[in-house]
Every structure is written in structure tokens, then in C-alpha cells.
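Same order as they appear, the protein sequences are chains A and B. In this text, residue positions in the first sequence follow UniProt numbering: the first is 1, and each later residue adds one. In this text, residue positions in the second sequence follow UniProt numbering: the first is 1, and each later residue adds one.
None of these hints come from the bench; they were simulated from the model. Every residue gets a Cβ at the ideal spot worked out from N, C-alpha and C, and that includes glycine. Mixed in with the good hints, there may be bad ones.
Derived contacts from chain A toward chain B, CB cut-off under 10 Å, selection only [said to hold, decoys possible]:
(1) M1
(2) T30
(3) L47
(4) G70
One side of the interface only, derived from the structure: several residues of chain A facing chain B at Cβ under 7 Å [unchecked claim]:
(5) V7
(6) A14
(7) C72
(8) A74
(9) T76
(10) Y83
(11) V102
(12) T106
(13) A107
(14) G108
(15) W122
(16) W123
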Amino acid sequence: MNWLLVVVGACVGAPLRYLTDRAVQERHGTKFPWGTFTVNVVGSLILGLLTGAVSAGAASPHVQLLVGTGLCGALTTYSTFSYETLRLAEEGPWFPAAANVVASVTAGLGAAVVGGALARVWWG
Amino acid sequence: MIGAVSAGGAVGACARYGASLIRPTATGAFPWTTLLVNVVGCAVMGVFMVLITEVWSAHRLVRPFFGTGVLGGFTTFSTYTTDVQRLIETGRPVTGLATFVLTPVAALVGVGVAVAATRTVLASGKSAGTDVGEGAK
């Protein structure tokens with residue numbers, strides 16, 4: 001049962017990342033990886049919210065596996081984030097690569113904190 | 001294409017879930033399992049991308065399945081950020097800050113070293129092949 005929840009969540013999360021990345025990258029002319037940035041920040045917000053809901057007893061551990069481990073885990077990615085950062089660093093000046101790292105980790109953490117705060121407001 | 005990403009994502013997420021069951025992180029502890037999963041995933045991504053862009057002309061579904069799906073599903077950014085958030089909010093700011101800084105540094109070193117090492121191995125393989133070829137003449 002637990003494994004099935006992770007599988008179902010990931011089967012939705014991974015293609016959602018792929019489609020979001022394509023949609024976002026088509027909408028701007030720069031090489032900056034806004035697509036990966038978007039899924040990582042949105043995924044962090046959802047997981048922050050969900051983790052807060054689970055600790056408040058508003059969501060079950062099954063939802064945590066389905067939406068947290070499965071969907072959010074597959075929606076967000078560290079491997080593509082780090083590979084795209086390396087490509088940025090190899091291709092040009094160092095600034096966009098450094099900006100990608102700093103912006104991604106700070107916005108991701110900020111989104112998780114906001115998600116946790118929203119959970120406390122709604123279910124605290 | 002979508003099916004390949006989806007199937008790969010399920011495989012990667014199961015591997016990550018399995019890792020979290022084998023080595024669960026205690027409350028308040030440094031999340032080594034997530035760090036290890038992310039760094040290993042980044043290193044494999046480095047090797048894979050060099051092979052697929054510079055060496056192989058792989059089937060068109062290999063990259064969506066393995067790169068986008070398996071490695072994307074295996075590694076996680078959301079668990080990393082919520083781990084940091086929880087550590088800070090539960091009174092472990094030093095562990096939280098260490099996770100926050102160490103993870104991207106280790107991930108970038110992982111992917112960088114993997115790409116460089118793969119290119120070095122490939123280059124030495126090519127030059128060794130040339131030597132053999134010249135010796136045979």
C-alpha cells in the first residue's frame with residue numbers, strides 16, 4: 001500500500017515537472033533554468049504546507065506518502081538543478097550559475113517556511 | 001514521452017523511499033539520507049549527461065526515462081528545503097544551516113567531479129585506442 005502511494009504520486013509528479021519545465025522555458029528567451037526553479041519552489045511550498053498539516057493531524061501519513069514522498073519528491077529535483085547550474089557555469093560568466101544556486105535555495109526554503117506558516121494558520 | 005518520464009519517476013521515487021526506510025533520519029538529526037540520495041543522484045546525472053550528449057546516440061526515450069524520470073524522481077529539492085525549515089523551527093538552527101549550505105555544495109561538487117571524471121576516462125580511452133591502432137600499423 002505504502003509503495004503504491006509513492007508510485008502513484010511520482011507517476012503524476014515527474015511528468016508535471018517535465019511539462020512545467022517545457023511550458024516555462026518556452027516563455028522566455030534566456031538560458032536561465034526558470035522551469036526547474038519553478039517546480040522546486042512550488043514543490044517546497046506544497047511539502048511545507050503538507051508537513052504542517054500532517055503534524056497538526058489534518059492530513060494522514062498516507063497523504064504524506066502520496067503527495068509528499070511521491071508527488072512533491074518527483075516534482076522537485078536536485079539532479080537537474082545541479083546539472084543546469086554546472087552548464088551555466090561552463091557556458092558563460094559565473095554570475096548566472098551562482099544566482100541560480102542562491103535564488104533556488106533561498107526561494108525554496110522561503111516557500112517551505114510560508115507553507116508551514118499557512119498550515120499553522122489553517123490547522124494550528 | 002510522458003509515459004517514460006512517469007515510469008522513470010516512479011522507479012526513482014521508490015528508490016528514494018527505500019533509502020529512507022533503510023536509513024531513516026531521527027527527529028532533529030542531520031538528514032544524511034536525503035543528502036546522500038541527492039549527491040549520488042547528481043553524480044550519476046553528471047556521468048549520464050556526458051555519455052548521452054558526448055558519446056552515445058541513445059534511443060530518444062532514454063533521456064526522458066532515466067535523466068528526467070529516474071534521477072529526477074530519485075533526487076528531491078522539496079525534502080531538502082522542508083528538512084531545513086523543520087530543523088530551524090524546532091530549535092536546531094545550526095543543523096538546519098549546515099544542511100542548507102552543505103547540500104548544494106556537495107551536490108555541485110558531485111555533478112562537477114562526475115562530469116570531469118567521465119570526460120577524463122573517455123579521453124584516456126580514446127587515446128589508448130589510438131595508440132593500439134598506431135601500434136597495429
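Status of the hints after comparison with the structure:
The interface hint given for M1 (chain A) is broken, as the beta carbon of that residue sits about 13 Å from the closest beta carbon of chain B, more than 10 Å. The beta carbon of T30 (chain A) comes no nearer than 21 Å to any beta carbon in chain B, farther than 10 Å, and the hint placing it at the interface is violated. Contact between L47 (chain A) and chain B, as hinted, is supported at the beta carbon level, the nearest pair being about 4 Å apart and thus within 10 Å. For the restraint placing G70 (chain A) at the interface with chain B, the shortest Cβ-Cβ distance is roughly 6 Å, inside the 10 Å limit, so the hint holds.
With a cut of 7 Å, the hint placing V7 (chain A) at the interface with chain B holds, because the nearest CB-to-CB distance is about 5 Å. Taken as an interface hint, A14 (chain A) checks out: its beta carbon lies about 2 Å from the nearest beta carbon of chain B, inside 7 Å. The interface hint given for C72 (chain A) holds, since its Cβ lies 4 Å from the closest Cβ of chain B, which is under the 7 Å cut-off. A hinted interface residue such as A74 (chain A) counts as satisfied when its beta carbon comes closer than 7 Å to some beta carbon of chain B; here the least separation is about 4 Å, so the hint holds.
The closest approach between the C-beta of T76 (chain A) and any C-beta of chain B is roughly 4 Å, which is under the 7 Å cut-off, so the hint is satisfied. Nearest Cβ of chain B to the Cβ of Y83 (chain A): about 5 Å, under the 7 Å cut. The hint holds. A least Cβ separation of about 9 Å between V102 (chain A) and chain B goes past the 7 Å threshold, and the interface hint is therefore violated. The criterion of a C-beta within 7 Å of any C-beta in chain B is not met by T106 (chain A), whose closest approach is roughly 9 Å, and the hint is violated.
Violation of the interface hint for A107 (chain A) is found here, the shortest Cβ-Cβ separation to chain B being roughly 9 Å, above the 7 Å cut-off. Taken as an interface hint, G108 (chain A) checks out: its beta carbon lies about 4 Å from the nearest beta carbon of chain B, inside 7 Å. A least Cβ separation of about 17 Å between W122 (chain A) and chain B goes past the 7 Å threshold, and the interface hint is therefore violated. This hint is violated: W123 (chain A) has a C-beta 15 Å from the nearest C-beta of chain B, more than the 7 Å allowed.
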